[in-house]
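A.B. asks: One-letter residues, chain by chain:
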Amino acid sequence: MTLPAQTASDMSEAVGLHTVTKRFPGVLAVDGVSLTVRTGEVHVLLGENGAGKSTIVGMLAGLQEPDDGHISVAGTGSRLDSPSASLDAGIATVFQHVMLVPTLTVFENLVLGAPWWRRPHRAQIERRIAELSRDFGLKVQLDAMTGDLSLGEQQQIEIARALLRDARVLILDEATSMLTPSGADELGAQMRRLAERGLAVIFITHKLGEAYRFGDRISVLQQGRMVGDIAPDALARMDEDAAIEEMVRLMFGGSDTSASLYRDRPAPTAAPLLSVERLGTEGGAEMMALKDLSFDLRPGEILGIAGIDGNGQKQLAEALSGQRSATAGRVMFDGADVTRLSVGQRRKLGLRYLTDDRLSEGTIGIFPIAENTVLKDIGAAPFWSGGIERPARIGAHAREVIRHYSVRAPSEFTPIGHLSGGNIQKVLLARELTGEARAVIFNKPTYGLDTRNIAASRRRIREIADKGLAVLLISTELDELIELADRIAVMASGRIRGTVVNDAGAGDLRLRLGRLMVDEGKMADTTGDAA
Amino acid sequence: MEALLTAAFLSSLLTGAIVAGIPLLLAGLGEQMSEKAGVLNIGIEGMMLAGAYLGFLTAWTSSSIWLGFLGGIAGGILVAALMALLCVVLRLNQIVIGIALTLGVEGMTALLHHFQFSRTYPRLPAPDRVDLPFLTDIPVLGPSLFGRHPLVYLALISVLVLAFLYRRTNLGLTLRAAGEKPAALDVAGGHVIAIRSAAVLFTGGMAGLGGAYMANIGAGLFIPYMTGGAGFIGIVLAMLARGRPLWVLAGALIFGAALSLTTALQVAGSNIPTDVIQMLPFAAVMLVLVIWGRRARLPAALGVGYERGAR
Ligand SMILES: Nc1ncnc2c1ncn2[C@@H]1O[C@H](COP(=O)(O)OP(=O)(O)OP(=O)(O)O)[C@@H](O)[C@H]1O
Ligand SMILES: [Mg+2]
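Chains as they are written, first to last, in my numbering: chain A, 1 to 531; chain B, 1 to 311.
Careful: at least some of the hints might be erroneous.
[Unchecked claim] Just the calculated beta-carbon pair ranges, DEER-fashion:
{"id": "1", "chain 1": "A", "residue 1": "Asp166", "chain 2": "B", "residue 2": "Ala81", "range": "34 to 40 Å"}
{"id": "2", "chain 1": "B", "residue 1": "Trp292", "chain 2": "A", "residue 2": "Gln345", "range": "35 to 41 Å"}
{"id": "3", "chain 1": "B", "residue 1": "Leu154", "chain 2": "A", "residue 2": "Gln141", "range": "37 to 43 Å"}
{"id": "4", "chain 1": "A", "residue 1": "Glu282", "chain 2": "B", "residue 2": "Glu307", "range": "36 to 42 Å"}
{"id": "5", "chain 1": "B", "residue 1": "Leu287", "chain 2": "A", "residue 2": "Ala380", "range": "50 to 56 Å"}
{"id": "6", "chain 1": "B", "residue 1": "Val290", "chain 2": "A", "residue 2": "Ile366", "range": "29 to 35 Å"}
{"id": "7", "chain 1": "A", "residue 1": "Gly379", "chain 2": "B", "residue 2": "Val290", "range": "27 to 33 Å"}
{"id": "8", "chain 1": "B", "residue 1": "Leu154", "chain 2": "A", "residue 2": "Arg192", "range": "57 to 63 Å"}
{"id": "9", "chain 1": "B", "residue 1": "Ile291", "chain 2": "A", "residue 2": "Ile388", "range": "39 to 45 Å"}
{"id": "10", "chain 1": "A", "residue 1": "Arg393", "chain 2": "B", "residue 2": "Val290", "range": "41 to 47 Å"}
{"id": "11", "chain 1": "A", "residue 1": "Pro115", "chain 2": "B", "residue 2": "Leu287", "range": "38 to 44 Å"}
{"id": "12", "chain 1": "B", "residue 1": "Trp292", "chain 2": "A", "residue 2": "Glu282", "range": "26 to 32 Å"}
Simulated from the structure, these hints should not be mistaken for lab results.
Glycine included, C-beta positions come from ideal geometry on N, C-alpha and C.
All chains, full assembly: derive it from the sequences and hints.
C.D. replies: This is the structure in structure tokens:
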């Protein structure tokens with residue numbers, strides 16, 4: 001292979017893409033992208049959902065090969081034609097979706113990939129992990145069963161595994177999406193220390209604040225093309241607001257995404273549609289129990305549920321949708337007790353649930369988009385008649401969904417698993433809103449979406465409430481709740497700690513919510529600091 | 001009924017359990033490896049039969065039982081190589097290919113045997129036995145346990161060897177990862193296609209050896225369709241054993257005993273109708289499945305082909 005002269009001379013290059021193109025059936029995922037990642041830098045890749053970020057990661061990790069162009073490692077052209085070739089080249093990757101075997105222990109996952117006849121060296125791994133915990137504050141319990149850990153903990157293990165390999169390039173594809181804000185900051189500090197040791201870090205995120213705080217250099221992708229770049233010195237000169245403005249400008253070509261949805265509607269006064277009375281569920285080792293939860297939700301109202309991830313929000317959503325059985329209290333819907341009703345019965349009444357687990361719980365990845373849009377209505381008119389599927393009807397419905405929600409997909413026959421997260425989300429939303437929806441529960445509806453899709457999703461949620469539907473909005477993003485909700489209830493340890501009316505004007509709303517979120521003991525300190 | 005407890009009956013039951021159990025053990029151990037790696041190897045019945053045929057043919061032409069075993073292994077591996085190519089490399093449906101291979105081998109071996117031997121079924125000379133002084137003289141247990149062909153002891157040793165490999169080396173991890181989440185193994189630098197193919201070939205070798213044992217030691221001759229579902233019982237054993245070679249051994253002996261009950265009862269001169277007795281092994285399979293089947297835990301990616309980078 002002949003190489004362009006200047007790549008060989010660029011001594012600080014860790015990896016480089018040179019006019020790389022990658023196509024998938026019906027999509028040009030990466031379109032002539034050139035990119036140089038330097039040692040000692042945290043290089044942030046930005047781009048909206050489906051921009052091609054994970055495809056670039058896939059090519060660097062040896063999962064896919066470029067159709068055109070080539071990749072160089074440390075200045076020399078390399079063919080990364082398998083994951084082991086990529087690992088041998090010193091590239092370690094933490095993928096967007098967890099790549100650990102859930103039925104193996106953490107230790108076993110760490111040694112996975114070694115030759116089969118070899119015996120695992122426990123002591124050596126233990127020593128290295130101890131070092132890593134000390135240097136980077138990683139938390140790794142070697143004997144835990146991997147599947148029992150939270151996604152955040154699993155991500156820590158993947159990072160530890162990447163570091164164990166003495167990589168020269170570390171790729172983190174949306175590694176902070178599963179972390180709490182403090183966890184993300186910790187990871188940011190870890191990346192900084194790694195870069196100081198001479199690693200090159202590629203960091204992909206949708207959170208522009210993180211991009212500013214953790215990154216040295218920022219590259220922006222739009223629909224597979226590299227559209228802009230903020231160099232370290234330029235980035236250093238900007239303050240956070242200016243940098244974010246510049247990133248938004250690059251990502252969306254100047255289009256205005258911060259259209260404020262600020263609301264000054266009168267508070268809804270109709271009789272409650274959904275009432276939860278002293279609801280409780282069983283807990284377990286990994287699942288927090290719900291205790292004594294009560295609230296009312298009126299038609300046309302958006303009730304926000306705030307709280308740090310993992311404080312029972314998912315259990316609440318499942319108890320309301322019928323996926324989890326209640327052990328105490330009751331759920332009233334339109335005056336009737338629905339506590340014992342099944343998922344299907346509640347759905348028929350108009351109670352809909354949009355899960356945060358889009359991939360495994362929400363969709364069947366190998367089914368076409370069309371089938372996924374009617375997955376919850378199997379056997380029901382108008383898509384089935386007398387037990388017989390009517391593909392033409394379903395197809396027409398799916399095309400309408402794709403058009404109306406501007407789903408980026410080649411056709412309604414594309415398996416839904418091929419879409420990017422944001423586009424799957426649109427299909428799910430469309431599905432929950434078909435038919436006689438009266439109340440919708442959203443669980444983290446904008447998680448993993450890019451800025452533009454987030455704005456669009458929020459606008460849709462607003463519209464739904466304006467049409468008179470009752471909306472329960474579970475979210476970990478305070479901004480989202482403040483932007484949309486009429487009232488915000490805060491959950492902590494499986495209980496509702498308090499409910500705050502979103503009177504928009506009050507500037508200390510965030511502070512009030514934040515205080516409810518952290519536990520009582522720490523509260524005094526926070527106020528002390530703030531004063 | 002007291003006839004059931006005579007020495008003759010027990011001795012013949014125990015001998016039968018071992019003679020009929022060894023092929024099941026070999027098949028079960030082989031299938032276990034494939035299933036761990038995520039390949040549901042339904043072609044194992046065909047691999048056994050190919051092993052029985054080639055094993056018999058080699059032994060008959062070379063007059064060496066040991067060469068016969070090698071021939072059996074080769075026969076099983078031959079069919080397994082086809083399965084690995086079609087199902088692991090080309091990702092065709094494992095169940096369809098497995099059934100097709102079994103049917104294909106059944107027809108092929110019957111045809112070849114017919115061409116060669118017409119309607120005759122030549123017999124091999126009886127294999128030489130190990131005669132351990134004293135041990136073989138113990139009543140009931142002695143001849144059953146210690147007078148067997150050396151292959152029996154090799155099969156038993158292989159149980160321990162496999163248990164060691166699975167537990168103490170990375171082999172167990174690599175196989176389990178290939179069966180549970182091949183993408184995770186792939187990105188960790190493992191070789192999914194290689195380990196799955198190797199596992200299928202191993203299954204073929206073990207099944208072929210089991211088939212050769214049935215022909216060369218068990219029957220002393222080859223009859224078309226002679227494996228009669230032994231491979232399928234091997235699949236059941238592998239599923240119930242939850243990855244443990246020792247459990248395969250226990251299961252193989254139980255099923256072996258059930259299979260040989262017919263002979264044992266005849267030896268004992270009981271008057272239970274043979275039809276009822278012949279049903280016993282299958283009743284045993286069903287009973288075991290009903291009782292323990294629920295506890296079988298299959299790998300998450302069992303039966304699913306792996307394609308790198310596919311969504
Ligand atoms: N294996 C595949 N088969 C078919 N299409 C694919 C495949 N991988 C990616 N695509 C398509 O390529 C495009 C780019 O996807 P990619 O996953 O790289 O986006 P992304 O920038 O990582 O988005 P997100 O932020 O949602 O993760 C998308 O349109 C996606 O549907
Ligand atoms: Mg991605």
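A.B. asks: Could you run down the list of hints and mark each one as holding or not?
C.D. replies: Going through the hints against the structure:
1. A/Asp166 / B/Ala81: 34 to 40 Å: The hinted range 34 to 40 Å holds for A/Asp166 and B/Ala81, with Cβ atoms some 38 Å apart.
2. B/Trp292 / A/Gln345: 35 to 41 Å: holds (36 Å)
3. B/Leu154 / A/Gln141: 37 to 43 Å: The hint (37 to 43 Å, Cβ to Cβ) holds, given that B/Leu154 and A/Gln141 are roughly 42 Å apart.
4. A/Glu282 / B/Glu307: 36 to 42 Å: holds (40 Å)
5. B/Leu287 / A/Ala380: 50 to 56 Å: violated (42 Å)
6. B/Val290 / A/Ile366: 29 to 35 Å: With Cβ atoms ~32 Å apart, the hint holds.
7. A/Gly379 / B/Val290: 27 to 33 Å: Holds: the Cβ-Cβ distance is about 32 Å, inside 27 to 33 Å.
8. B/Leu154 / A/Arg192: 57 to 63 Å: Cβ of B/Leu154 to Cβ of A/Arg192: about 59 Å, so the range 57 to 63 Å holds.
9. B/Ile291 / A/Ile388: 39 to 45 Å: holds (40 Å)
10. A/Arg393 / B/Val290: 41 to 47 Å: Once the Cβ atoms are compared, 43 Å apart, the range 41 to 47 Å for B/Val290 and A/Arg393 holds.
11. A/Pro115 / B/Leu287: 38 to 44 Å: holds (42 Å)
12. B/Trp292 / A/Glu282: 26 to 32 Å: Holds: the Cβ-Cβ distance is about 29 Å, inside 26 to 32 Å.
Checked against the numbered hints given earlier, the structure breaks only hint 5 and satisfies all the rest.
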